[in-house]
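With chain L fixed as given, assemble chain Z onto it according to the hints.
Those protein sequences? They're chains L and Z, same order as listed.
All residue numbers in the first sequence are consecutive under numbering that gives the first Met the number 0, ending with 250.
All residue numbers in the second sequence are consecutive under numbering that gives the first Met the number 0, ending with 115.
Treat the hints as calculated values from the structure; they're not laboratory data.
C-beta atoms are modelled at their ideal positions from N, C-alpha and C, and glycine is treated no differently.
Fair warning: there could be bad hints in the mix.
[As the list claims (entries may be wrong)] Derived coverage of chain L by chain Z (criterion: at least 3 residues anywhere in the stretch with Cβ under 8 Å from a Cβ of chain Z; other residues may be distant):
id : region
1  : 10-22
2  : 29-35
[To be verified] Ranges between beta-carbon positions, derived for each pair:
id : chain 1 : residue 1 : chain 2 : residue 2 : range
3  : Z       : A70       : L       : A37       : 21 to 31 Å
4  : L       : D48       : Z       : P51       : 53 to 63 Å
5  : Z       : P82       : L       : N95       : 39 to 49 Å
6  : L       : F148      : Z       : D65       : 47 to 57 Å
7  : L       : E175      : Z       : D65       : 53 to 63 Å
The chain contents come next:
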Amino acid sequence: MSESLAALPLSPAEEHRLREQLLAFARDINEVYRRERARTAELEKALDDLEESYLATVKTLAFVVEAKDTHTRSHLDRAHDYAVALASRVAPELANDQTLRYGFFLHDIGKIGIPERILSKPGPLTEDEWAIMRTHPLLGAQILSPVKFLIPALPIVEAHHEKWDGSGYPRGLRKEEIPLGARIFALVDAFDAMTSDRPYRRALSFEQALEQISACSGTHFDPEVVRSFEELCADAEKVGIFAVDRTRHAS
Amino acid sequence: MIVDDDPLIRGVVRAVLEDGEFELEEAASGEEAIRLAHRRPPSLVLLDVMMPGMNGFEVAEHFKSDPELKATVIVMLTAKDAPEDRKRGMESGADAYFTKPFSPLELLTTVNGALR
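With the rest of the complex left out, here is chain L (with noise of 0.2 Å):
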């Protein structure tokens, strides 16, 4: 660069000029490009705030219909933390997906428009009260699709209960019709159930909910997830991921 410089018919005092000159512009490129990294910092640190905002708004959201039905808090950080281990085992990127979070967080949000004596009702429900009873999904669904952020979470509020073999409900999906995360979800939020105290039955052992799990390989469950949840149980005798659970279910 001095060369090109040296080269052009250039008093010493206007090259001095040029020199600074030239000096200034690196140091304002320096300047420009420090500010847009603390302001990129700045950004992030929002986005995460947000985000967080987010996933707090929404649990509020599910433990209100949580409150109002039999399930308990606990129920729902439990089958949203298996569902999300069993979802980076099944499909990695899936996990990563917020969204897909707030699916499993809000997959029972329909229950709030559910009347109270259907839901409570200690006894097994009539036809007609099972008719809207399964409303639930597609009516939570309903509930969320104003929310922009939660339209990728819909598939899983809708697609819950929906069985492999297409004995589910509401749509009566099969197979692969059914979303990925619903599948996944349908699984945790089972075994979840299976291994909790009920008013009506005691909670079954770990090793008897995942024979019932497997047992409903094909039928009511995608055989790829319910191996990987057997994968997932194999490695979490290992490493303990059920630790607590087991301890409190397995008397």
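What follows is chain Z alone, placed relative to chain L:
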């Protein structure tokens, strides 16, 4: 560290990079660079190829063969853009290769990426 016999290039590099988070040393020749580096090994060296005395390739080879200095990231900075030069640069252990006139932004991104 910036190693270049041209004070203007050293000045521009300093003006572009200096940000208080890392120290920038200047050397006007390969020999000076090695002397300074032995006193305090730099994390990264911006190395001109065409210099009187040791050229940039030789300096890079020295760094990469010295156990104390071989962790140093070496960025070649040269007016030449012949493919064989790039090859020579990589063979001598350079981690990146910039041709003059270099883009100050690219330099900033590379250096910041390597140092953080």
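Status of each hint after checking the structure:
{"no.": "1", "hint": "10-22", "verdict": "holds (count 3)"}
{"no.": "2", "hint": "29-35", "verdict": "holds (count 3)"}
{"no.": "3", "hint": "Z:A70 - L:A37: 21 to 31 Å", "verdict": "holds, 29 Å"}
{"no.": "4", "hint": "L:D48 - Z:P51: 53 to 63 Å", "verdict": "holds, 55 Å"}
{"no.": "5", "hint": "Z:P82 - L:N95: 39 to 49 Å", "verdict": "holds, 40 Å"}
{"no.": "6", "hint": "L:F148 - Z:D65: 47 to 57 Å", "verdict": "holds, 55 Å"}
{"no.": "7", "hint": "L:E175 - Z:D65: 53 to 63 Å", "verdict": "holds, 59 Å"}
Of the hints listed earlier, there is not a single one the structure fails to meet.
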